[in-house]
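K.L.:
Sequence:
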Amino acid sequence: METYHHPQLQGLTIHSLPGVFSANELDAGTALLLSTLNHPIKGKVLDLGCGAGVIGSIIKKANPKAAITMADIHAMALESARKTLAENQLEGAVFASDVFSDIEGKFDLIISNPPFHDGIDTAYRAVKTLITQAKWHLNQRGELRIVANAFLPYPDLLQQHFGKFEVLAQTSKFKVYSVKINPRWKKITRLRILQTLPSGKIYRFPSIKSRSQSQRNHKTKVQAIIDSVGFSPNRSAQAMRGAQEPVVGIIVSRLNSSGESQTLRAILTALYRQKITPIIVESQFDEKQVAHHLNLFKQRQVDSVIVFGFSPLSEDILQQWQGNMVVIARYFKEISCVYYDDQGAINALMDKFYIQGYRHIGYLGIHDQDETTGRLRTQSYLDFCHRHQLKPNFALTELDIEAGYQHSAQLAQPLDAVLCATTSLAVGMVKYLQEHQSMRPLAYIGQNPLLEHFVPNLINLDFGYEQAGNWAVELLLAQIYGKKTVEQRLVSFHLS
Numbered sequence: 001m002e003t004y005h006h007p008q009l010q011g012l013t014i015h016s017l018p019g020v021f022s023a024n025e026l027d028a029g030t031a032l033l034l035s036t037l038n039h040p041i042k043g044k045v046l047d048l049g050c051g052a053g054v055i056g057s058i059i060k061k062a063n064p065k066a067a068i069t070m071a072d073i074h075a076m077a078l079e080s081a082r083k084t085l086a087e088n089q090l091e092g093a094v095f096a097s098d099v100f101s102d103i104e105g106k107f108d109l110i111i112s113n114p115p116f117h118d119g120i121d122t123a124y125r126a127v128k129t130l131i132t133q134a135k136w137h138l139n140q141r142g143e144l145r146i147v148a149n150a151f152l153p154y155p156d157l158l159q160q161h162f163g164k165f166e167v168l169a170q171t172s173k174f175k176v177y178s179v180k181i182n183p184r185w186k187k188i189t190r191l192r193i194l195q196t197l198p199s200g201k202i203y204r205f206p207s208i209k210s211r212s213q214s215q216r217n218h219k220t221k222v223q224a225i226i227d228s229v230g231f232s233p234n235r236s237a238q239a240m241r242g243a244q245e246p247v248v249g250i251i252v253s254r255l256n257s258s259g260e261s262q263t264l265r266a267i268l269t270a271l272y273r274q275k276i277t278p279i280i281v282e283s284q285f286d287e288k289q290v291a292h293h294l295n296l297f298k299q300r301q302v303d304s305v306i307v308f309g310f311s312p313l314s315e316d317i318l319q320q321w322q323g324n325m326v327v328i329a330r331y332f333k334e335i336s337c338v339y340y341d342d343q344g345a346i347n348a349l350m351d352k353f354y355i356q357g358y359r360h361i362g363y364l365g366i367h368d369q370d371e372t373t374g375r376l377r378t379q380s381y382l383d384f385c386h387r388h389q390l391k392p393n394f395a396l397t398e399l400d401i402e403a404g405y406q407h408s409a410q411l412a413q414p415l416d417a418v419l420c421a422t423t424s425l426a427v428g429m430v431k432y433l434q435e436h437q438s439m440r441p442l443a444y445i446g447q448n449p450l451l452e453h454f455v456p457n458l459i460n461l462d463f464g465y466e467q468a469g470n471w472a473v474e475l476l477l478a479q480i481y482g483k484k485t486v487e488q489r490l491v492s493f494h495l496s
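In full-length UniProt numbering, the protein residues as written are 1 to 496.
Rather than coming from a laboratory, the hints here were simulated on the basis of the structure. This structure is a prediction, so every number in the text was calculated from the model and none was measured.
Label pairs and their calculated CB-CB ranges:
no.: 1; residue 1: H386; residue 2: K483; range: 38 to 44 angstroms
no.: 2; residue 1: F454; residue 2: Q356; range: 20 to 26 angstroms
no.: 3; residue 1: Q140; residue 2: A62; range: 20 to 26 angstroms
no.: 4; residue 1: D316; residue 2: A28; range: 45 to 51 angstroms
no.: 5; residue 1: I480; residue 2: Q319; range: 16 to 22 angstroms
no.: 6; residue 1: Q89; residue 2: E166; range: 29 to 35 angstroms
Glycine included, each C-beta is placed from N, C-alpha and C at the ideal position.
Make a model of the complete structure from these sequences and hints.
P.N.:
Written out as C-alpha cells, the structure is:
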C-alpha cells in the first residue's frame, strides 16, 4: 500500500492501494476542491467516489463534529479509505455504492471529485446520475459540491436540475461547482424512464410521484418493469451513450493476500495496456457476495469478468453469468480457468528439505475450508510424509500474519525445518522463530523480497502469480473478440 503527504492535507497521511484514483499524489482537481473548504462544515457529509478518502478525511479533521460517510464502487478504494481514516485516528463510515445505489438517508453536503472513467474517456453516465439524483439525498438547504473538467457540459445539467449554480473556483482545466437545495421547491418529484427496445417500440414507465416513499422502492419497481420486458442494451446502444471503452469486472477473494495482489497487479497492467477499465470488488470467501457482484456488473452493463476462485464457490453460481468469464485458482471443467499446481509445489519444497537431510519437517498451513491454499496443500504435505514414513507435524490457521505467528508454537518438537503454505504465514513464523532465537530452515510458497532481504537462505517458490494474471487477461480477451472455446491452463512453478 502506497502512502503520501501534501501541504494541503494538514498533516494527514493518505494510504492507497494500486489502481485507486490518484494513488501516489494529490491530483489537481482534488486540490482545487479542497481550496474551497474555507468555512466550518456541520451535519452529515457524503464523500461520493471517495477513492483513498482524501476529501472526507480532510473535512473530518477540520470539523470533528461532522458525520462523514464515504462511498465508492471499487474494493481497493474502500480498503484505502478505511486505512486512511484508521491511520489518522478519524471516524467515518465507509461502504460500497454505485453512485447512489446503496446510499440511505439525506446529507447536508454531498462532495465529490468524480473520477469516473472508461479507459481515458470520462464516463458521463455516472456523473449524470450523481447530479440528477443528488437532490433526493440532500436535506433542505443542503449542498452538492463537485469538481470537474472545465470542458464537460455539467453546467447544463446543474441548471436543469437545480435551477442555478455557482462556480467557487476554477483553473484552465477544472471548475468547482456548488448548488444548494431551495427549501421552497416543491416536495413532489416525478421520475420518468424511457427506453427504446430493439423492436423500436417506446415504453413509457409510470411516473413516481411521492417523495415520501423510499427511493429504494422506486428503483425496485422500475427495475422490475425493465426486467419484465427483458430489456438489455446492446453494444451499439452503449456506443451511442459514449461508453466506447470496455470495462472488466474483477472479483478478488481477499485484498490482504500477497499472492492475489501479485496476480492482480499483472491483470491491471495487462488491462491498462489494452485501455480497459477494471472494476475491482472483494468476495471475502462468500458465495453470496460473488452472486451480488455479478448482478451488480450486469446492471452496470459489464459483460466480462475475472473471478478469483475459492472453496466452496460452486460452478452453478458462475454458470449463471451469461457473459465472458475467466476463473483464477480453481479448476472448472465448463469454465475457462487458470489454476495452480498446489500439490506439486508442496511436494517440490518437501522434496528439497528431504534431500538436504531433514526428517522432522513441520508444516504451517491454512484451514481446509480453503480448497486450494488450504486442503490441497495440506493433503500434499501429509501424502509426502506417508510416502517417506515421516511423522506429520502441522498446524492450520487463517490466512493472516498474526494468525501464523500465534499458531507457530503449536508445531511440536523435534523440529528441523518448517514449510509454510503462504507468504503471510511465513512472515508470522519468522517473527516467532526470531523472538525465540530458534531460527530453522524455512520454505514457503510465494515470493517476498523484503522477507528474503532480512532472512537469508530462505527457500521460496515462484508460484506463477504473475503468469496467472497475464493468462487470465489473454483468455478473457480471446472471449471478448469472439473465441468461445473453454480453455484451462495450469500455471507452472519454479523453485528459488
